[in-house]
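So the sequences go chain by chain: A and B. Heads up: the first sequence begins at 1 in this note's numbering, then just goes up one per residue. Heads up: the second sequence begins at 1 in this note's numbering, then just goes up one per residue.
Please note that the accuracy of each hint is not assured.
As the list claims (entries may be wrong) - Pairwise CB distance ranges, derived in the manner of DEER restraints:
id, chain 1, residue 1, chain 2, residue 2, range
1, A, LYS282, B, GLU134, 46 to 52 angstroms
2, A, PRO283, B, ASP24, 37 to 43 angstroms
3, B, GLY40, A, ASP208, 56 to 62 angstroms
4, B, PRO197, A, ASP24, 32 to 38 angstroms
5, A, GLU134, B, ASP125, 22 to 28 angstroms
6, B, GLU362, A, GLU277, 53 to 59 angstroms
7, A, GLU258, B, GLY40, 46 to 52 angstroms
8, B, PRO138, A, GLU258, 49 to 55 angstroms
9, A, GLY140, B, PRO197, 54 to 60 angstroms
10, B, ASP3, A, GLU134, 37 to 43 angstroms
11, A, GLU231, B, GLU396, 35 to 41 angstroms
12, B, GLU134, A, ALA177, 31 to 37 angstroms
13, A, ASP24, B, ASP261, 25 to 31 angstroms
Simulated from the structure, these hints should not be mistaken for laboratory data. Just so it is clear, the structure is predicted and the values come from calculations on it, not from any experiment. By construction, the Cβ of each residue, glycine as well, lies at the ideal position given by its N, Cα and C atoms.
There are 2 protein chains.
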Amino acid sequence: MRDVAVIGVGMIPFGRRDQDTLMDMLAYASMKALDDAGLGDKGVDALYVGNMGAGILQHQSSIASALVDRLSLLPAAAEAIENGPASGGSAVKNGVLAVASGYYDVVLVAGGEKMREVTGWRATDFVATMTHPEVEYPYGITLPGMAGMFTRLYMEKYGLTREMLVEVAIKNQKMGALNPYAHVEMMITKEGIYESPHSVVNNPPAADPLHLYDACPVSDGAAALVLCPLEMAAKLTKNVPVLVAGFGQATDTHTLQERDDPTDLKAVTLAAQQAFERAKLKPEDIHVAELHDAFTVLEIAESEHVGFFKKGEGGKAVLAGKTRLGGKLPINVSGGLKARGHPVGATGVAQVVDIVWQLRHELPEDRQVKNAQNGLTVNFGGFGNNVVCFILRRVEQ
Amino acid sequence: MRDVAVIGVGMIPFGRRDQDTLMDMLAYASMKALDDAGLGDKGVDALYVGNMGAGILQHQSSIASALVDRLSLLPAAAEAIENGPASGGSAVKNGVLAVASGYYDVVLVAGGEKMREVTGWRATDFVATMTHPEVEYPYGITLPGMAGMFTRLYMEKYGLTREMLVEVAIKNQKMGALNPYAHVEMMITKEGIYESPHSVVNNPPAADPLHLYDACPVSDGAAALVLCPLEMAAKLTKNVPVLVAGFGQATDTHTLQERDDPTDLKAVTLAAQQAFERAKLKPEDIHVAELHDAFTVLEIAESEHVGFFKKGEGGKAVLAGKTRLGGKLPINVSGGLKARGHPVGATGVAQVVDIVWQLRHELPEDRQVKNAQNGLTVNFGGFGNNVVCFILRRVEQ
Chain A
1 MRDVAVIGVG MIPFGRRDQD TLMDMLAYAS MKALDDAGLG DKGVDALYVG NMGAGILQHQ
61 SSIASALVDR LSLLPAAAEA IENGPASGGS AVKNGVLAVA SGYYDVVLVA GGEKMREVTG
121 WRATDFVATM THPEVEYPYG ITLPGMAGMF TRLYMEKYGL TREMLVEVAI KNQKMGALNP
181 YAHVEMMITK EGIYESPHSV VNNPPAADPL HLYDACPVSD GAAALVLCPL EMAAKLTKNV
241 PVLVAGFGQA TDTHTLQERD DPTDLKAVTL AAQQAFERAK LKPEDIHVAE LHDAFTVLEI
301 AESEHVGFFK KGEGGKAVLA GKTRLGGKLP INVSGGLKAR GHPVGATGVA QVVDIVWQLR
361 HELPEDRQVK NAQNGLTVNF GGFGNNVVCF ILRRVEQ
Chain B
1 MRDVAVIGVG MIPFGRRDQD TLMDMLAYAS MKALDDAGLG DKGVDALYVG NMGAGILQHQ
61 SSIASALVDR LSLLPAAAEA IENGPASGGS AVKNGVLAVA SGYYDVVLVA GGEKMREVTG
121 WRATDFVATM THPEVEYPYG ITLPGMAGMF TRLYMEKYGL TREMLVEVAI KNQKMGALNP
181 YAHVEMMITK EGIYESPHSV VNNPPAADPL HLYDACPVSD GAAALVLCPL EMAAKLTKNV
241 PVLVAGFGQA TDTHTLQERD DPTDLKAVTL AAQQAFERAK LKPEDIHVAE LHDAFTVLEI
301 AESEHVGFFK KGEGGKAVLA GKTRLGGKLP INVSGGLKAR GHPVGATGVA QVVDIVWQLR
361 HELPEDRQVK NAQNGLTVNF GGFGNNVVCF ILRRVEQ
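So here's chain A without its partners, still in its complex pose (with noise of 0.2 angstroms):
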């Protein structure tokens, strides 16, 4: 098994990218994950795509030999990757297992989505198409009523509160707007949610206790990242390879209601400790985290089942300011989902995209954690039924 690095990344800016088809971000993201890999004339031997709904949204399949071909990579190997929310997150596991295989050296993964082609109901239409077509999506409940349950039984069971779900909102879209490549661009503060006499018109609830302001927007994006061999990456290119220390996916029950505890995340837990055992580190190495936060409570929650804290602390954690930059362990840097956005075939790639910048040092002062070596994500598909975590690791040369 050989050690893997990612050697290049790129990202397109997410939100609402009408002139562009599905096949023209996944392009543009890859192209600039190569160049920045800067392979030269190296080709690339596979392409994974990470993505969710291109049958359902765009009326198209075959995507993953399409994009070989509109990147010119021909003959490369191909295919897309489905898994919910977590697609972006399964295209990189198997990028990774492709490389570590030995079969291929050079591997791209590019995951996308162009969600803003539907809006309103259809887009949480398209959401649901994740939950159990039998006994889910039929009796109603969508992915924010999922969650809006979810919140509810935390705070009963662990003691959190709106303050704390508020607090990662604000924290995140104020790090989102100093992102160029996030959606929302917008900073909102505690006395404008609350005291403002518009607050209830502004940040209406949406599935109680969850309001508008605790779900991330419905976004266009890609990102795209190059992977090969740790020991060829001083070959191919310049930059800082970032080594794949580890990685988990581990799977839960597809319906919520069948989960002896709901507010268990057990595919978090799962995936995050086999994760830190390929890596050989533990919650308290890791300098930078992306958390998947499609809603506020999942980024309180999963810092929790990964180990960052103990059950109920995360919260207080927020409140205390230890997840912000600067802090003890910065959360979400990038804005996370809720402020970068959420095209859910492009997030776990993205989210990984961030790190490596991380990693690298690469971002501005206002934006870098300062001297990071170990960064982890997680990407969280249905409800927390298919879970992908990696940890990457700064590689000094």
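Fit chain B to the known structure of chain A by using the hints.
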């Protein structure tokens, strides 16, 4: 890189399966494969699902997680692979890489499609989602249309005749009639096709020069297999292990019109070359093959492009009986896509399953290639824009 073996296989009868959901079919085939492997208490580490149309046809995503739960294989890692009609082959490939890498020991691969939910133009429309969304489908080209034009060019360049195509249809429907898993149970004869007063009615032109009997049916179906490191096979199963001796995968231009010579299926040639190189075998070492005869012409063209026959000789070989059971190189003894059926995501997996049965010498006499040691499959995506080829070898114990 570890050697990988197929230690369990399963399939359900292809055809109209109105009573089953996609998830039912994937689960049934998976349970058969797991039962065949006889793993006992040993769990499954990861699951790959080959599927093209769950989003479009079933309005469903995250099907791999759903299948893990349905099969009680939690917390196995899982993702779905979309690669058009090569989705099944791609899923097997990624399962092989996952085991070869050393990350996972026991991997389940299931391929399935429920296509009969749509018929007529909607079925053609579904298949056309694999074409180029801007320069092909909007101008009216469909897959049968492409196959018709390809056939005309092949006739002009290589002397292919309608008689050769009919012979493929007769051969494959004859074998399909013997195969309990095949969709098409009806045998056809040359006399019936050419001399019946109803021949034009029974076998009307579909996409000139192709007629109805030149095309595979629209089928529901699923197939599955279990992979593990060859070195563990003896401990895990009583079955004769079948080694994945080699595989290859290559892409070609997404649009047919961009190819220098549209009769040259470059991706088939390249994928086969890669597979033979890895397997350290030559075309003459293969004893049985499953080729992707979505149209009769493709069986002949692929048999030439993988190197079994010279260009222009494949059709003659069919007429001479060389590709029949009992001939020098039996092709599509299962009945092929033409008769077994072509539930797109299932096909690439089903091909490997059929070859495994051949190499384990488990088929009844009227379908068994005597003493077959090496087999080959070609899974053909789009119109040859993404091709996956496997070479399998019986491992004597």
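Notebook entry, point to check: Hint by hint, which ones does the structure fall short of?
Noted result: 3, 4, 6, 7 and 8
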